[in-house]
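> Sequence:
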Amino acid sequence: MPSSFIQTLKSLILDRVHTLFDLKLEDVAVEIPPRPNFGDLAFPVGFELAKRLRESTGQKQNPRALAEQLRTVLGHPPGISKVEVAGPGYLNFFLDRADFLLTPLPLATPSATDEKAIVEHTSINPNKAAHLGHLRNAVLGDTLVRLLRASGARVEVHNYIDNTGVQVADVVFGFYWLEKKSKTEVQNLPGRFDYYCWDLYTRVGDYFRQNPEERLRRSVSVLREIEERYRPSVTGLVNPLDNEITGIAEVVVNRIIDCHLKTMARLGIRYDLLPRESEILSGRFWERAKELLQEKHGLVVRETEGRNQGCLVMRAESEPRDAPAKADKTSDSDEEYDQDKILERSDGTVTYTGKDIAYHLWKLGKLGKDFCYAQLTKDPDGQQTWITSSIQPPPGSPSPPSFGGGAYYLSVIGSEQSYLQKFVKQALVELTHDPSDARIAHIAYEKVALTPAAIAELGIELSEEEAGRQRIGMSGRRGLGIKADDLIDRLEACAFEEVATRHPELDDARQRLIAHQIGVAALRYFLLKFSRTTVIVFDFKEALSFDGETGPYLQYSVVRANSVLEKLAASGLEQLELASLPSEQIASLLTGDDGDELWGLIYLGARLDLAIEEASANLEPAILAKFTYQLAQRFNLFYHHYRILSEPDIARRTLLIGILKTAGNGLARALEIMGIEVPECM
RNA sequence: GCGCCCGUAGCUCAACGGACAGAGCAACGGACUUCGGAUCCGUAGGUUGGAGGUUCGAAUCCUCUCGGGCGCACCA
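In this note's numbering, the protein residues as written are 372 to 1053.
None of these hints come from the bench; they were simulated from the model.
Among these hints, one or two may not hold up.
[As the list claims (entries may be wrong)] Distance ranges between label pairs, derived from CB positions:
#	residue 1	residue 2	range
1	Asp750	Glu676	54 to 60 Å
2	Ser770	Gln680	43 to 49 Å
3	Leu884	Lys749	20 to 26 Å
4	Ser374	Gln956	30 to 36 Å
5	Asn1036	His1011	16 to 22 Å
6	Val800	Arg588	38 to 44 Å
7	Asn1036	Ala812	30 to 36 Å
8	Gln746	Ala824	44 to 50 Å
[What the hints assert, rightly or not] Calculated cross-link-like contacts (lysine-lysine; reagent style BS3-like; alpha-carbon spacing at most 30 Å):
#	residue 1	residue 2
9	Lys818	Lys997
10	Lys796	Lys661
11	Lys737	Lys487
12	Lys453	Lys487
13	Lys487	Lys912
14	Lys997	Lys900
15	Lys997	Lys487
16	Lys997	Lys381
17	Lys740	Lys793
18	Lys453	Lys381
19	Lys793	Lys661
We put the beta carbon where it would ideally sit given N, CA and C, even for glycine.
Using the sequences and the accompanying hints, generate a full structural model.
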């Protein structure tokens, strides 16, 4: 694999440092200088050298003088026009602009391997409509997938379905006891099923707040019943549909999954596999995982006394493994917490953490078990989505691809679950003997919150305490949130209004397509521009805006570039290949103030690969989002500053067109990774 | 009590330990007889919550402190 241009320069510097100062540095820092007159690549190597030489010789050295010494032995690296020493000890490299434009040097190289990555995202409880908080998860996850694929990785996308949890049980309780509906009635309920469940779920929550004893008697029994159905017994599996309660659960889950997939498809988000929790139970994944865990001495313990008596627990890292549970744990007061994590309850059932460990072992191909699969959907473009199944597929069914067995995995899960995920990761790292635990990652992100004002706008009442707070997190449990489809509808409606007035000549279908593309761009960029650790405080005005730092602004830039190219093609103007120009001519056009400005755009566009690399390495799509916006700004400046079609000088015009194409292509590529389409016009 | 995240312009957010802390929004003032103004330019706005420390260099790392969020279930 060819190493990147930056890597080559680094090696050169390290080599010269070695011969000149007899010093072996492992690496040397590189940065993009803050101002163009500082060159294109800066190495603050003088400082590092001074420090290291002082450590080894005890003598103080001048960083700038050291950089100067280094400069004299660098020679003339290919692609570099000059090297300057600047500031208190920087080594600044100036790229050969014309050469670079004609044959761009690779600033970053894709870290392509043949290994399979498994990315899990979305994973919404299948009992209600998706809200904006869920969209943040899905858009982050989907963009990570696209980002990894852009760096050449093989990625398998999972959307985990917790079809046996309390949330589903609560809605089943609502249908069965509050509404007295039959399985068939639930199946045939007309209208938006996910919206119906959204309201029902809220009503169930209210009901349980008023009748707490009902929760214990009814809902928990529903939960147990659902779990029982999927737990293999000596008589084998029971068909869940045979029973009214589990039948309702099955219907709810299937109908909601269908809604969620449709919602996500609007944003261009798809999945390869939907692993269901029921199959983790019926496939006895936990039993196998438990065996593996117990083979590791001291990793898990069956408590014989204390508050966790009878449970299988995993010791917190902070506590010594072999130590018995603290004696005073029975007398724990309210303010003292037990750090250990229960994996198996005293009644023998497994907790979420236990199931998650088993599931993730399977993801890495370390469980020694597999699911059965059924094809769920097949799109016209051939893309298939599969779902796990409790039964062997009938003969003649399409055979599934090989799922699981990834070299590593990334799970997009809210940061409020960090504590839990720490245990999952700890278990996984121990069981897989993989010291590179960075590749088993919980991608934590913060929630989308609402202001009390926005909640009031939704017509939801708050307690006095909450109304005084600055922001309140979305909660499906309380029906507190912006429903995903509502927001997408609103965005598309706003965009449609604009498109219809700007382009009355287009037919309705095309107007709607463009409005859809713009709405999705606004939403996806809005969710991506914040770094993962930032709590997004939702603001209608900001989210519905198409001006400034928004997705539509990015699209508009590409549309402008495309429009110039169309006009150019139609104009019959004489066109030359950029490569046909003498490089001295290009060089002179890229000199001076004008040249600096043009070069700035060329060089920024070339750094897209660096941004992609950085975003992948940090698993932070916001890095790419911010970069793309910067590139679009720069492009718009260029667009405004230079008339391309009316440029009389053909050499200059050729250069401008070349730059426009490069920048436009770069922007389009970045948008593709963010899942944003380029409309035909805007 | 313990753990994690966050305090940067009026508001919302950026800034691999590097050179003078940058954008958008809001405000105000401008832009060629348009390759489309969903654009561009300018003005104004900052002791990076506070105090110490490490470093040639700190918004960034360490300690303390103040303020906010989230966790710490035989729920997920």
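> Are Lys453 and Lys487 close enough, with their CA atoms no more than 30 Å apart?
43 Å, violated
> Hint says 43 to 49 Å; check whether the CB-CB distance for Ser770 and Gln680 agrees.
47 Å, holds
> Is Lys737 close enough to Lys487, meaning Cα to Cα at most 30 Å?
14 Å, holds
> Lys740 and Lys793: Cα distance at most 30 Å?
With Cα atoms ~24 Å apart, Lys740 and Lys793 stay inside 30 Å; holds.
> Are the Cα positions of Lys997 and Lys487 separated by 30 Å at most?
Within the cut-off at roughly 28 Å; holds.
> Under the criterion that the straight-line Cα-Cα distance not exceed 30 Å, is the pair Lys793, Lys661 satisfied?
18 Å, holds
> State, for the Cβ atoms of Ser374 and Gln956, whether the hinted interval 30 to 36 Å holds or is violated.
For Gln956 against Ser374, whose Cβ atoms are near 31 Å apart, the range 30 to 36 Å holds.
> Taking the beta carbons of Leu884 and Lys749, is their distance inside 20 to 26 Å?
The hint (20 to 26 Å, Cβ to Cβ) holds, given that Leu884 and Lys749 are roughly 23 Å apart.
> For the pair we were handed, Lys487 and Lys912, check the Cα-Cα distance against 30 Å.
Cα-Cα ~41 Å, so violated.
> Take the C-alpha atoms of Lys796 and Lys661, compute the straight-line distance between them, and say whether it is at most 30 Å.
15 Å, holds
> So does Asn1036 sit 16 to 22 Å from His1011, Cβ to Cβ?
20 Å, holds
> CB of Asp750 to CB of Glu676, is that within 54 to 60 Å?
56 Å, holds
Violated hints for the displayed structure, listed by number in ascending order: 12 and 13.
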